[in-house]
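Trainee: In our numbering, the protein residues as written are 5 to 547.
Quick caveat, the hints were computed from the structure, so don't treat them as lab data. Every residue, glycine too, gets a C-beta built ideally from N, C-alpha and C. Accuracy of the hints is not assured; some may be wrong.
[Stated by the list, open to error] Restraint ranges, calculated between C-beta atoms of paired labels, are given here: (1) Ala274 x Arg531: 27 to 35 Å; (2) Ser374 x Gly307: 24 to 32 Å; (3) Pro485 x Thr216: 39 to 47 Å.
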Amino acid sequence: MTTPRRHKRVHTIATATVAALVTLALPGCTAASDEARAPGAADSSTASSATAARPAEAAPTPTPSPTYPLSTAPRTIPAVREHEPARGPGWKPAPGARVVVAPDDTAALSDEAKLLAGELSIGYGGSAAPRAGDVELSLDEGAAGGPESYTLDVKDGRVRINGPDQAGVFYGTRTLKQAVKSGGSAPEGTVRDAPAKPQRGLNLDIARKFYTPDWIQDRLREMADLKLNQLGLHFSDDQAFRIQSDTHPEIVSTPHLTKAQVREINALAARLHITVVPEIDSPGHLGAVLRAHPDLQLRDTQGRAVKGAVDISNPASAKLVDELLREYIPLFPGGSWHLGADEYQALVYRDPQASFPQLARAAQQRYGPSARVQDLATGWLNDRADVVRPSGKALKAWNDGFFAGGVTSAAKDIQVEYWTGKETGARPPLEYLREGRKVVNLNDEFLYYVLGQPNQFTYPTGKRIYEQWTPLVLRGTTPVPASYGPQILGGRLAIWSDLAGAQTQAQVAAGIQAPLAALSQKVWDSRAPQLPWSDFKALADRL
Numbered sequence: 005m006t007t008p009r010r011h012k013r014v015h016t017i018a019t020a021t022v023a024a025l026v027t028l029a030l031p032g033c034t035a036a037s038d039e040a041r042a043p044g045a046a047d048s049s050t051a052s053s054a055t056a057a058r059p060a061e062a063a064p065t066p067t068p069s070p071t072y073p074l075s076t077a078p079r080t081i082p083a084v085r086e087h088e089p090a091r092g093p094g095w096k097p098a099p100g101a102r103v104v105v106a107p108d109d110t111a112a113l114s115d116e117a118k119l120l121a122g123e124l125s126i127g128y129g130g131s132a133a134p135r136a137g138d139v140e141l142s143l144d145e146g147a148a149g150g151p152e153s154y155t156l157d158v159k160d161g162r163v164r165i166n167g168p169d170q171a172g173v174f175y176g177t178r179t180l181k182q183a184v185k186s187g188g189s190a191p192e193g194t195v196r197d198a199p200a201k202p203q204r205g206l207n208l209d210i211a212r213k214f215y216t217p218d219w220i221q222d223r224l225r226e227m228a229d230l231k232l233n234q235l236g237l238h239f240s241d242d243q244a245f246r247i248q249s250d251t252h253p254e255i256v257s258t259p260h261l262t263k264a265q266v267r268e269i270n271a272l273a274a275r276l277h278i279t280v281v282p283e284i285d286s287p288g289h290l291g292a293v294l295r296a297h298p299d300l301q302l303r304d305t306q307g308r309a310v311k312g313a314v315d316i317s318n319p320a321s322a323k324l325v326d327e328l329l330r331e332y333i334p335l336f337p338g339g340s341w342h343l344g345a346d347e348y349q350a351l352v353y354r355d356p357q358a359s360f361p362q363l364a365r366a367a368q369q370r371y372g373p374s375a376r377v378q379d380l381a382t383g384w385l386n387d388r389a390d391v392v393r394p395s396g397k398a399l400k401a402w403n404d405g406f407f408a409g410g411v412t413s414a415a416k417d418i419q420v421e422y423w424t425g426k427e428t429g430a431r432p433p434l435e436y437l438r439e440g441r442k443v444v445n446l447n448d449e450f451l452y453y454v455l456g457q458p459n460q461f462t463y464p465t466g467k468r469i470y471e472q473w474t475p476l477v478l479r480g481t482t483p484v485p486a487s488y489g490p491q492i493l494g495g496r497l498a499i500w501s502d503l504a505g506a507q508t509q510a511q512v513a514a515g516i517q518a519p520l521a522a523l524s525q526k527v528w529d530s531r532a533p534q535l536p537w538s539d540f541k542a543l544a545d546r547l
C-alpha cells in the first residue's frame, strides 16, 4: 500500500520542479498562458503541479520609491540669493518638453518664452496647458518683491517661473539656463531671488574707438545672462561723434552708427531688459563738434584754445547742444540720460575768473556779483537737464561736474556717477551722500578698463573686484559707511578707449569677461560671495 503513494509523491515533486524551471525560463508569460494553467483547465496532476510550484513563484518584491539627497542651490552667476532645498530628481530638458506661458500673460512673456525654448532646444507651447516636463512662465503683479524679483520652483518634473514683472521672469529664465548649463539640470526646490542694486551694467566708449553693432549686441546678450540691466553709451568726445545726425550731419565721424542700427541695438536691449543710457558729454569733451564749429571754441585771455571745451558764455553753444539733445531723446526710449559735465578744462586753470573773463562776466550777470566760473558751469548742467527732464528720463552726470561752495548747485534729481576723486572739483563721496544725492559707482580704481593703460591706469581684474570691491567702495579702496548703502544705486564697469589701437574688439571682449562677471555678483548680492575666486572663475569659464 505504501509503494504506490511514494511513487505518486515522487511524481508530484518532479512535476513541480519542471513547472518551476518553465516559470524561470519564461518570465514573460502572458495573461493568456496564465489562464491556460488555471484550475479546471488541466488534469489533476497538472493542477497539483501548479499548486506545488507556487512557492517557487514568489511574489515580486515591490520596487522601492527612488530616494534623492537634499538638493543644493543651482550654480549660477550671479549666485541666487535664496534656495529652499527639496528632495527630487530636479528638471532637465527632455524630448517633448516645452516652454509655456500662462494664458493671461502670453502677450507679455512670449519673447522670454521663445528665447528660453531656443536656448534649451525644447519646444515653445504658447498658452497651452502645462504638462509633465514643461517650463511655465507667469506674472503675478501682487507678488512680493520688486520688478526684478522672481520665484523659480522645480517640483513634480516641472519648472514654474513667476514674478511681478517681465524683468523678474526673464531673470528667472537666466537662472534656469545657467543651472542646466553648469550642472546638467535645475535642482529640485525653490529659488527666491532679487537684486541688491537697481542699476547694474557696462559703460562703453564708442567715441574714441568704434565698435560694430554686432559686437555691441553680443555684449548685450552677455550682460543679460549676468542679469545686468544698463549699457551706458558714450558716443561723443574729442576724437569723434559716432551716431548719425540729421540736425548736424557736419559733426558726424566715419565710421559711425546709423539711426537704424541704434534702433536695432535698442530693440534687442529692450527684449533683454537692458536700458541703453546715451551720453552727449558737455561742456567739455566736445572736440569733434568744435572741429565743425570752431566759432564755439573756448579760448583764454591769450587766445589759446582749451581742449574740447565750448564757450558756455556763448548762447550759440547751448543752442547747438540742445538741438542734439532734442534730436536724440526719441532715438533712445530707455529711462535714463547721461549729461556728462566732467573735465571742463576752464576749471583746471589756477584762476578761471582771470583766465576767462567772458565766463566770469556771464556768471555774475546770471547769478550775482559773487558768482564764479564754476557757477556758470553748474548753470550749464542744469539747463541741459531742463531740456531732457520733460522726457521723464532719469538724469545723470559725472561727479566732477558737481561743485561745492558756489552760489548755485546742481539740480537734486541728477544722479552722481562717481568715477574719481583725482580730478579738479572732485569731492570725496561722503560729501555727495550727505547732501542726500543718489550715487552710482564707477570707481576708476576697480572698474575702469582703459585701453592702453595710460595715466597709470591698469586693466581691472575679476579677482580684485570679486574680493575687494563692493558698491560702498566709491573712491580708492575705502568703503563709505554702510548706512549710505540705500543711496548707492549700483555700479557699472567702464570701457574707455583712450588708446584705441591698443586692443582689438575681440581682445576687449575677452578682457572684460571676468571683471563683468565679478561685478554682476557684487551688485546682485551685497553679501560676501560664498565661492572662492578660483571656483567662481571656473564657473564663469563654463558658463
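Trainee: Hint by hint, note whether the structure agrees.
Mentor: Results for each hint:
Hint check: Ala274 to Arg531, Cβ distance near 31 Å, so the stated range 27 to 35 Å holds. Remark: the range hint 24 to 32 Å for Ser374 to Gly307 is upheld by a beta-carbon distance near 28 Å. For Pro485 and Thr216, the Cβ-Cβ distance of about 43 Å falls inside the hinted range of 39 to 47 Å, so the restraint holds.
The structure meets every hint from the earlier list without exception.
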